[in-house]
Structure formats: C-alpha cells, structure tokens
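**Q** Here's the letter readout for the chains.
Protein chains: 2
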Amino acid sequence: MARKTGSHSEITGPRIRAAALQLFARHGFAAVSMRQIAGEVGVQAGALYLYTPDKQTLLFDLLEAHMVELLDSWSKSEAGGDPVQNLEAFCRCHIQFNLSHSDSLFISYMELRNLDPDNFAKIEAYRKRYEDALEAILKAGTEAKLFSLPDTKLATMAVIAMLNGVNTWFREGGRLSQDRVERIYWNMVRRAVGAKGFS
Amino acid sequence: MARKTGSHSEITGPRIRAAALQLFARHGFAAVSMRQIAGEVGVQAGALYLYTPDKQTLLFDLLEAHMVELLDSWSKSEAGGDPVQNLEAFCRCHIQFNLSHSDSLFISYMELRNLDPDNFAKIEAYRKRYEDALEAILKAGTEAKLFSLPDTKLATMAVIAMLNGVNTWFREGGRLSQDRVERIYWNMVRRAVGAKGFS
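Chain order of the listed sequences is A and B.
So the first sequence is numbered by the UniProt record's numbering: it starts at 1 and just counts up by one.
So the second sequence is numbered by the UniProt record's numbering: it starts at 1 and just counts up by one.
Excised from the complex, chain A in its bound form:
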C-alpha cells in the first residue's frame, strides 16, 4: 500500500509543536528562542515562520490544543449516567488525560502568565467551559440530594486542584498502579462532595 507523502507543512507543523512543547516544559517559555526550537526540529529559524507568526502564537496554539483535547476527551467519556456515575467518569477521565498529557498540562499552568491578554481570555473561556461541565454534575447531584455541597463552585475548584495534583507525584511503575490511584482519588472526591453511602 502506498504511503501518503505529507506536504512540508503537514510534516513540520506537528514536529515544531512537539519540539516547542518539550522545550517550553523543560526550560520555560521565556528562556526558549525560536532558534532553539528550529534547531530541535532540524530546520532553519526562518522555516518556523512559515508555520507560525511568532513564539506567542505557538504557545497559544499549544495551550488551546490542550484545552480542546481535554474537552473532547471528556465529551467522549461522559457516561450519561446519574451524577455519581458522571462524577466518577469525570475524575477518571481527568486523571487519565493529565497523565497522558503531562507536558501540556504543565505548560498550561506554568505559562498562562506569558499569554497576551487576548490569548489569555480565550484560554480562560475554555477552562470555564470545562469547569462548568464539572459544576453541572455537582449541581445536578446536589439538587437530587445525592451530594451535599454548600458551594458547588468551590467544590469544582477543589476537585480539579486535587486531581491535578496527581501529576506532581505519580510515576508509571511506582508503588501504586494508575487504576488504584484513580480509585483512591475517586473515593476521596465522592466523600468530599458528601455523596450518600460513601462516608
């Protein structure tokens, strides 16, 4: 079977993004030059500008892709079950996504301050959509008296922060399997939201 040969931009684009992601995660956005990214890809610095107008756009594209993929991942995982099932699905999906996207999660938090105001506002809007998805589950559960929460907004922020923390210490092949970690965190989350029968 003939292997389709991609155009220059099809091949180089993903490699530029991958190189930028890795360099930004390792050294920080401010410390990385377009020249370094080009060097990592093995092209001249000028070739980068065929793909992206500047380093700011490259950063925004990476952060936007992270949020689009995260939202997409959740829309595919959504169980469509009751609020307890949906919350479990959300927690597991979030941990799974983060652990398989550790570099982009890392720069999504570390480099927010380096976004231009317009780009920052766009990323914040994606984050808001994602937080709203979790808060909708928490609200539905609270209304159905399955959860007991005085403030679903704070619970949303608390749950996301707790789950994001997994990336700071989890190592593949460590003391606990990923599935065990997901289960332990899910247990803490369902108790934190006051889910009935799980105290």
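Worth flagging that the hints you see were computed from the coordinates, not collected in a lab.
Any given hint might turn out to be false.
For identical chains, the list gives no copy identity; a pair is met inside one copy or between any two copies.
To be verified - With a Cα cut of at most 30 angstroms, we get these calculated BS3-like pairs of lysine-lysine:
id, residue 1, residue 2
1, K196, K145
2, K139, K128
3, K55, K139
4, K139, K122
5, K122, K196
6, K76, K139
7, K153, K196
Using the hints provided, position chain B relative to the given structure of chain A.
**A** Coordinates of chain B only, in the frame set by chain A:
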C-alpha cells in the same frame, strides 16, 4: 526616640529579595536579569553581588525562606489537640499562609525546575518535612479510627493540592470571606478523609 540606622546590607537585602520575588513572580526567573532587579531596587547591578553571589542563590533563598516560614507558621498553629482538631488547624493555617504569601507560593511551584540539583534537593527536603507533618496527623487519625483512609500518603498529596488551589481563584473582597472559604474547604477535607460524624 532615636531610630536605629541599619547597615547597607540590612537595608538592601530585604529590598533585593522583595524586588526579586516580585519580578520572578511577574515575569519568571529566566526572563529576569540581575540588572533588572538592581534597577527595581535603585542600585547598580554590582551592588547586588555584595548581597548574593548569583541569581540562582537569590532564587534558592526565596524558596527556602518560603518553606522555613511555612514550617514555622505550622509549628506555631499546631493545636496539640486530637487528629480532627489538628487537621482543621493544618488546613486553616495552610490557606492563611498561602493567601498571605501568594507571590512566594507562586514562585515556589513555578520556579522549582530552575533550581540547581543541590538546591532542588534541599527544597524537596523541606517539602517532605511539611508533608510528613500532615501525614502524621492523618496516620494518627487513621490509627484512632477517627479517619478512614486507605493511603495516608495519597491523602496528604490530595489535601495539599486541594488547599493550594485556593490561591488560583480567591480574591480579597470577592463573593466569599476568607473565613467562609476556610470553613468550606475544611468541610471538604474532613469528609474526604472520612472523618467520623462529618459525612
């Protein structure tokens, strides 16, 4: 009453640290030069080197001071009560400390990757001491059957991550008072650890 006149180093040291903290928090360690820090303080760049050998040492000093103050703050807040009281004291102390040290908390997470390996190891040792203080409370509560936790290490990481998250959204004068936020988070934490009577 005569006002004690400090030596050059007594006056300039804290100002250099304050300027470095603010600049690192705003622009990132890599993007800030010694010259910029000197400019912010209003001294020549050369004068900075009377106080600190290099930017790396300045960063380490700031991150070490953050951890020393955090540990000190907890040793002063320690209630010496039962595990439930101690856990509440820990949660409130952590939130209070973080909200009153937002810049140093921020750089403590953002700039870890910019520490030299030796300095990184020293900061990690401080963090370990702090995590151990929380884990000791969780272990004591689990042994006394006041908490129900399958893994006190994971619960330690989960609680700290959850509480750190407050700094990402809390604003003085916002919808909720700090005391209300502390109470809501404490309620989520005590439920998350399975504290009896709080399900």
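**Q** Hint by hint, which ones does this structure get wrong, listed from lowest number up?
**A** Result: hints 3 and 5 break, sorted rising.
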